[in-house]
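Student: Each chain sits in its own coordinate frame; assemble them with the hints.
Listed in order, the protein sequences are those of chains A and B. Residue numbering for the first sequence follows numbering that gives the first Met the number 0, starting at 0 and increasing by one per position. Residue numbering for the second sequence follows numbering that gives the first Met the number 0, starting at 0 and increasing by one per position.
Each hint should be verified, as a subset may be incorrect.
A few chain A residues that face chain B, going by a derived Cβ cut-off under 10 Å, partial list only [stated by the list, open to error]:
#1 Ile157
#2 Ala160
#3 Met161
#4 Ala195
#5 Ala198
#6 Ser199
#7 Gly218
FYI, nobody ran anything at the bench for these hints, they're computed from the structure. Everything numeric in this text was worked out from a predicted model, so none of it was measured. Just so it is clear, CB atoms sit at the ideal spot from N, CA and C, and this is done for glycine as well.
The lines below spell out each chain.
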Amino acid sequence: MTTTVKSAYWKGVREGAPFFFIVSPFALLFGVVATEAGLNILESLAFSVAVIAGAAQFTALQLLQDDAPAIIALVSALAVNLRMAMYSATLTPHLGAAPMWKRVFVAYFLVDQSFALSVGAYEKHRDWSMSQKLAYFFGVVTPICPFWYVFTVVGAMIGEAMPASLGLDFAMPITFIAMVAPMLRSLPHLAACFVAVTASLLLVALPLNLGLLAAGLLGMTARAAVEQWVARVKPGHVPQAKEAEA
Amino acid sequence: MSDHVTLWLVIAGLALGSFGLRFVFLGLVGNRAMPEWLLRHLRYTAVAILPALVAPLVAWPAATGGEPDPARLGATFVTLGVGIATRNVFAGLVTGAATLFILMAWLG
Numbered sequence: 000m001t002t003t004v005k006s007a008y009w010k011g012v013r014e015g016a017p018f019f020f021i022v023s024p025f026a027l028l029f030g031v032v033a034t035e036a037g038l039n040i041l042e043s044l045a046f047s048v049a050v051i052a053g054a055a056q057f058t059a060l061q062l063l064q065d066d067a068p069a070i071i072a073l074v075s076a077l078a079v080n081l082r083m084a085m086y087s088a089t090l091t092p093h094l095g096a097a098p099m100w101k102r103v104f105v106a107y108f109l110v111d112q113s114f115a116l117s118v119g120a121y122e123k124h125r126d127w128s129m130s131q132k133l134a135y136f137f138g139v140v141t142p143i144c145p146f147w148y149v150f151t152v153v154g155a156m157i158g159e160a161m162p163a164s165l166g167l168d169f170a171m172p173i174t175f176i177a178m179v180a181p182m183l184r185s186l187p188h189l190a191a192c193f194v195a196v197t198a199s200l201l202l203v204a205l206p207l208n209l210g211l212l213a214a215g216l217l218g219m220t221a222r223a224a225v226e227q228w229v230a231r232v233k234p235g236h237v238p239q240a241k242e243a244e245a
Numbered sequence: 000m001s002d003h004v005t006l007w008l009v010i011a012g013l014a015l016g017s018f019g020l021r022f023v024f025l026g027l028v029g030n031r032a033m034p035e036w037l038l039r040h041l042r043y044t045a046v047a048i049l050p051a052l053v054a055p056l057v058a059w060p061a062a063t064g065g066e067p068d069p070a071r072l073g074a075t076f077v078t079l080g081v082g083i084a085t086r087n088v089f090a091g092l093v094t095g096a097a098t099l100f101i102l103m104a105w106l107g
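The following block holds chain B by itself, in its conformation from the complex (with noise of 0.2 Å):
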């Protein structure tokens, strides 16, 4: 990352909308009831955001020079399919990483 300036921008800005979204209902609204189709929405934005955001970082992975590469889809499957199994974010961080390393090797 070269541009520190931006960096600094994104940490204060994230800084001031993390705490805003924490803040919004406990300090400004009070006792009123929320809408529940409302709540829904806000609850889930990070099951489809964050499989958005690791699509194309899985397809055409940087590092390959944006070729798809073996090593990386195995440890996709495994951290995915372990973690849907297991319920368990660590398991599968730990079997994904291990899949990718001994692919890696595997496969030089």
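Next comes chain A alone, as it looks inside the complex (with noise of 0.2 Å):
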């Protein structure tokens, strides 16, 4: 490595390390739930390593212990996940240049943070080569998804040595919460999480958890239809682009 492609995978590593200290207390969280629900250890590591994404971890972990036809389970999990196609989408003009096998590497570590950071760092350093983008972008991943695996595993054991009642069936439920919270920001927002809320709990006698599906649908139609009539009122009110979701 050049210095200048040494010093950007250094720069993100520096400014991907305070998120450890937010990944790896899910990761636990993870892990612990998951024992709850009845995986093994090597089953809840499956899991992280497959999706690295924890809301959509924890929705499929949800539904499959609700009973949920696997189907469901997965269409539930991805849909909560169709972010990662905004986040390769606006990545995409920086990073779609670099070679194929690369790309796949950047695809597989995409995930909330290292996207926003690593969108951030490029809108502001519009001089880098591809090789310090890409530096950048695996420095930010290095403190934060190898921890998202081993804190798994830790969660899945302090899991397995736990007592089983300890009110833990709503630490999902409470898991959900606290993330969506900081998303209701504006109206729109507002306006998705009350109609997917009221709608999710009229149709909860939907079969195969459809209801889910139905009120995620309406939540997204009621936050595309407010948006519009916010835009109509205040002419110039341009909805905030940069932040990660959960």
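Tutor: Right under this line is the structure:
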């Protein structure tokens, strides 16, 4: 590595490091909850290695625990993960010209934190070469993704040692609520949340947990409608564009 | 969870699907620009799906046999309120969990 590439890598490591303290407890919690749901350590770890996305992992786990069909668990978790496609699209102008095998690794390690930090850095350092951009991206990933796996295993080990009746049934709902609350920062978001909640309560009797997907779609439609309405009432108001979601 | 075959199917499907979502533009689209409305829809799915997932769990918790439960409702509102006020996931998580334990101990 040349000096500039090396310094871009270490810049990424430094800026990614604080997220260690956010990601690790989440992975720990996932390990604990997965064990409580009946997964063994290997299965919990496989989940984290396969998905590396907390919200989607918790979603799939919750639905499997509710005995929903595999396809419903799968579709719902992927719906939660659709934002990854947006990240992919946003990074494409910056990294789309990299060699294919490097893009494969970028795609695998594309998570909320690596996306948000990299887009921010690329906008700021427009003179960066492709090598520098890639080095920064993998620098950010270094203090985050390996620990996602490690702390999943630690959590699974803790979970196996823990008594069953600690109110842990509610760990997942609280996690979801805590993830959603900071997203509720504008009228369209509130509309999405309110409509989704109302619809899911009304549609709970639908078979195969289909109420969830229907409610999610209704919530998204409400968000889009309110957003258009806000744009008409307050021209020039642009929704915040760069922050990562859960 | 009794059915570990289903579990592994879901893990495998999620592995493929998640990678597919992350790879689709980077790997296949190249440098073409994406329409803004599509990006916006993709960005905000979580804010609709997660509340829809959580609402029935809050209203009818399985642990109480589907009866609404003051401890869990209390924890929900504290998590939500603190999360909105602080914009911090962990502040909401910690105060919500504390509320749940205190209310469960207090209400028996």
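Student: May I ask you to test the interface hint for alanine 160(A) with respect to chain B, counting a Cβ-Cβ separation under 10 Å as satisfied?
Tutor: 19 Å, violated
Student: Holds or violated: is the Cβ of methionine 161(A) closer than 10 Å to a Cβ in chain B?
Tutor: 14 Å, violated
Student: Verify the interface restraint on serine 199(A): the C-beta must sit less than 10 Å from at least one C-beta of chain B.
Tutor: Cβ of serine 199(A) sits 4 Å from chain B, so the hint holds.
Student: Would the hint on glycine 218(A) stand, with a C-beta cut-off of 10 Å toward chain B?
Tutor: Holds. Min distance 3 Å.
Student: Double-check alanine 198(A) for me: the hint is only fine if its C-beta lies closer than 10 Å to a C-beta in chain B.
Tutor: Holds: closest Cβ of chain B sits about 7 Å from alanine 198(A), inside 10 Å.
Student: Report holds or violated for the interface hint on isoleucine 157(A), using the least CB-CB distance to chain B and a cut-off of 10 Å.
Tutor: 15 Å, violated
Student: Does the interface hint hold: is alanine 195(A) within less than 10 Å of chain B, judged Cβ to Cβ?
Tutor: 4 Å, holds
Comparing the model with each numbered hint stated earlier shows that hints 1, 2 and 3 do not hold.
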